[in-house]
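S.K.: As a plain string of letters, each chain reads:
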Amino acid sequence: MSIVFYIVAALAVGGALAAVLLKNTVHCALALTIAFAGIALLFLQLDAQFAGFAQILVYIGAVAILVVFAILLTRGSETPKDGVYGRKWPLGLVIAAAVFSDLAWAVLQSARVLPHEAISAPTVTVLQIGNALIGRYVLPLEIIALLLTAALIGAVIVAMHEKEAGK
Amino acid sequence: MTPLMSYLLVAALLFAIGLAGALTRRNAILVLIGIELMLNAANLNLIAFWRYGPHPESLTGMMFAIFSIAVAAAEAAVGLGLVISIHRHARTTDLDAINRMKG
Amino acid sequence: MIDKPIVDQLDQVFILLERWIVSFLPAGWQAVASVVLNVVAIIAVFPALFAIAVLLERKGLGRMQNRLGPNRVGPFGLFQPIADGLKSLTKEDIVPISADPVVHFLAPVFLVVVVFMGYAVLPMGRNMTLVKMDAGLLFYFAMGASTELSVFMAGWSSRNKYSLLGAMRAVAQMISYEVPLLMSSVAVVMITGSLSLEKIVAAQNQYSYGLPHWYIFTPWGFAGFALFAVAATAETNRSPFDLPEGESELVAGYFTEYSGFKFAEFFLGEYVGMLSISGLGATLFLGGWSAPLAILGWVPSWIWFFGKVMLSICVFIWLRGTLPRLRQDQLMNFAWKFVLPLTLLNLMVAAMWRFLGEGWERWVICSAVLLIAYVAMGRIGMRHGHIGTRKYRYAE
Amino acid sequence: MQDAISSTPQLASSSITQILWLIPAVPILASGVIALLKQPKRKSAATLAIGSLSFSLLLSLVAFGHVLSSWSQHASTARETANFTWIQFASTNVDLGWVLDPLSAVMLVMVAFVGLLIFIYSTGYMAHDENFMRFFCFLSLFAGAMLGVVIANSMLLLFMCWEIVGLTSYLLIGFWYQKPSAAAAAKKAFLTTRVGDVFFLLGIVWLFAQTGTLLFYNHGAGSMESSALGGLLIHPAAFGLTAAGAIGLMIFAGAAGKSGQLPLHVWLPDAMEGPTPVSALIHAATMVAAGVYLIARVYPLMHAGALLSGSTTSLTVVTWVGASTAVFAALIAVAQNDIKRILAYSTISQLGYMMAGLGMGGVAVGMFHLITHAFFKALLFMGAGSVIHGSHEEQDIRRMGGLRTAMPATFLTYAIGMLALCGFPLLFSGFWSKDGILEAAQHWSVARAPFYMLVFGALLTAFYMTRQVAYIFFGHSRTEKHAHESSRVMTVPLAILAFFAIALGIIGTPAWPWFRAFLDGHSVSFDLSGFSEPGLMMLMATSSVVVLCGLALGWWLYGRAAPAPEQPDVLERAVPIPWSWMRDRFYIDELYGATVIAFYYWWARVADWLDRRIWGGAVTLVAWAFRQWARFNRFFDTDWVDGSFDKGCEELATGGGLLSRVQSGRVQTYLRLLALAVVVLVGLLIWSSRA
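As they're listed, the protein sequences go chains A, B, C and D.
Using the working numbering, the first residue of the first sequence is number 1, and each one after it goes up by one.
Using the working numbering, the first residue of the second sequence is number 1, and each one after it goes up by one.
Using the working numbering, the first residue of the third sequence is number 1, and each one after it goes up by one.
Using the working numbering, the first residue of the fourth sequence is number 1, and each one after it goes up by one.
Because the hints were derived from the structure by calculation, they are not lab data.
Bear in mind the structure is a predicted one, so any value in this text is a computation, not a measurement.
No incorrect hints appear here.
Taking lysine-lysine and the PhoX-like style, the derived pairs with C-alpha atoms no more than 25 Å apart in a straight line are: (1) Lys88/A x Lys102/B; (2) Lys23/A x Lys161/C; (3) Lys59/C x Lys91/C; (4) Lys481/D x Lys179/D; (5) Lys59/C x Lys87/C; (6) Lys23/A x Lys88/A.
Work out the full structure, taking the sequences as your base and the hints as a guide.
M.R.: What follows is the structure, encoded as structure tokens:
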């Protein structure tokens, strides 16, 4: 496997670990963006250009900012006095480990089935994606449109300042 | 180790890390972060399978990933909105303290 | 007529140069070398442009404000940028104690990196793009979107009320203007049918009766360019939208706590961002490296590209000198209630434009729709704005 | 009332039959009005009662005249009936109706006339009694009921009036209910007559079942007419009796009860507790006569199928009962000291005579003695009443005496009555009516014994009456209380009755047997040849001799040497044992007491024991069973059904509790569970795909 994959994978996993383990919430958020970047690179490495750029645009561009905003708004930046982790954190850890072992076991077991050699890189142009979106996946597209507007309005209402709503 | 298996392992690891984050962290936002990570792990899986699947030209995997990204964005927005409103009511984002929905 | 090959050679001078240099290296390294060479070229050219821009801005503003501007250092103040650069390098780099050292340090670096990443896809001349990417525009906007993060990192890490407030304002502004920026460029994509910038320029590089097919000369194109310009200025925190580092109340906005080289980096990041956004604007609406007139075809393509970029820089400077600063809520209202709706409308008009077919009807209809919408939105939308004459209250 | 007038074949029903029902109705109506009057209206009550009875008397006389005229024209039994259907069941009709024939006409006149006299007498007698109103109310009710019995053509109507008569006798005997002895006597009278009435009712029902009709005379379809009688004869009943005979005996039992014949006579002497007019009217003249009248009315039934000897078994029984009663009662009367008890026993013995007369000589003989007896017995009772009244409520003859001078009028009328009762030859009615009976007894083919018993009875009658008169009127007064003569309102009816005691004999002499002809419905003419019948003169001689011997014996024992007040009776000294038997009424009461009453008590105790132990036990048992069942139900319901239900709910609740703990409200717990579930599922998947 190419060196690049290891580097990028390490970047993503490291970012994720940092995001989970760091004390300061803002640092976690930034670590998260690194993880997102790592994953985007993985996408690119898998020749999914559009997905990678979309990932960068959506996650790093919007979600990260959103998370940071949320942190600031809820004064999460001050480190909580009674420890960062929840009460029964070891249980969580154990369960996460169990899940990972399951998944890993599944992957390893199915080694025989998975294809070995990398197939020729499919040249995916944006045009094809456009056609696919409008052609085969027009319904999901419309639904996603609807979902996004609903989420937009919903988020606004949920977070609206109580005063207006309370009037 | 085929490339696909490595990708899948990375995705599984990411998923586990996200889950650990979600389960252990006290702050609500960090739980959301954990969830975002899990979603990304899933996307990675999708793209990996698409890439090493039998006929990648059908674009299903990638399209699916793209839609999942869109949905995840929406979900993040709503989730954070909720966290903010909870914070306004309960003055805290500590998940252990927020148990008003107790049965 | 001048010999075709000479023009071409002149046109492709940089590419030929690069190829010549790379040929010295062993085969294995050539690919890497060419990439490195290109990157080095970009990193060299655009900071230089930055220096010129800074000089131009200070001289231009001065002239606008009826004063000379810097003319001490070198003839007519030409070496002022070099002086500034030296100054920033030598200045002491103070980091507040309470600041978060890692993030504080990373913010400017991240900003510069991300901004320069944007240049990878810009077509500076005929087949002079670093990476000929199919979804080039998308890549550009992906990189563009990351700048906000660095602004936030800067603002927050310096643990200073003003800087945090400034960062928040900047981020809010950049986010709200990012959507119209994207939407107006989407119109262009819709017409050309591809995200790759080369195709877009190629589409505009045709001439009929000597006039180029630039998008700006179409109703939706003109509206699109106008909105793009507005969004671009907001995106780079320039002139009317430079609230974040509004000197009067927020000292220097999110980079108040920065000094020395990090301050210079922010400055660099800002101007390079301005250059890249104007480059994009040129490629999208002004035909990139295509000549304004058919007959001027012999002039090398990159000259046209850099000419247009410098022209837009002058416009930026001109705007900075004339327009007053907008208040935050006016800014936001303007974005969400005027610019965004118009861009969406512009998308529709572009669609109409594409399906109405040749002929004068589509000109009339499209322009009519756009004009009406502009007037209506302007009057209705902005009525409560009552930007009237300023009234002074003298102390009694 | 649906008035279906049905005339006998002989005569179309005249207007008098139409209104015959008024005779009983008016006195009953009067009694109703008196009952509703307010207390102090004494005079109006008396006038109302006497007025109503006099109206009935008048109407009876008219009816008598009518029958007399129709008899004289057609020289056959003039019978008119008026019948109607009272209730109509599905197929059978309950018919009521009244009949006017010589028998009922005579009785109507007798009852009304005697009743009226007694009413007038009792206004004087009861003047001082505060329950004057009530007395007259009961009396007029009694008179009405008695008249009803007389005219009844339907067995049911007769029975109804019969019961009302029984009721009024109870009420009048127990008139002074404060006295416990009066109340006991009333109850005794009522119960004993009821015993008789039970058989009477059974007879009625049997008759009705057999003949299908209640009416006596109904144009040939009546029960007393030949067609029905024929049917009755062919039906065999128990003990070799024909149906007719059996029914006749049953009806005779009812009559015996009412008329105080041997087995059921015990109530009559005790009935003397009632006021004297009551005794006079009811226990001398009318009510006791009702039994005899009843037998006369159903005579055709009893006489049906008479063999050659002219007598059926039922009539033989009647005769024997009558004769034995006559002798038995006379014996007891000899040893009595109470003035009214002596008369009561003499009534019983005379009734025995009437029954014997009916049994042997037929309706006319019996009825003639009944009529004459009614008059002189009423006279004797009212005389005794005036004596008691006079001697300030003193009833024991041993403490009376010498009233001959104190109460001359009463003495004179009483003497006439006594002589008529004994049957003093030729002059008095008693002689002729008793002679008829003796003549019938003589010719009775079945046996000679009754004749000798009746002759001995006549002797005894003469003896105890002279004893009584001697004790009361002759000798010197044995008490210091000064007796005084009764007022005119009491002595006048005595005189009238005395006249009739003498006069009535005429209509029954053999020379001019008017009464027999009238009743039997054939012509009669006055011819002395009647006397010339063989053995008649011999019979009259023997009876006269017997009577005179009785009188002489009586006068010899009591008349001459007025018995000393406190000494025991002359006869008692002579024959103490039989005397005590006779005085104590041959211990019949004690006999009954020992047998019937004892049985009754025993049976009551048994019934009580049964009731408490057996039925009570059964009921408690059932109750107990139900309680157990209820307890089991409750157990089943609460412990088992509810119990299991509650337990189920508890389980649910605890389960719910556990489950709710899972919903801890903390998001992360949910996430953990989710993840755990995934792990488990994947584990399962792997495990299952292992094979």
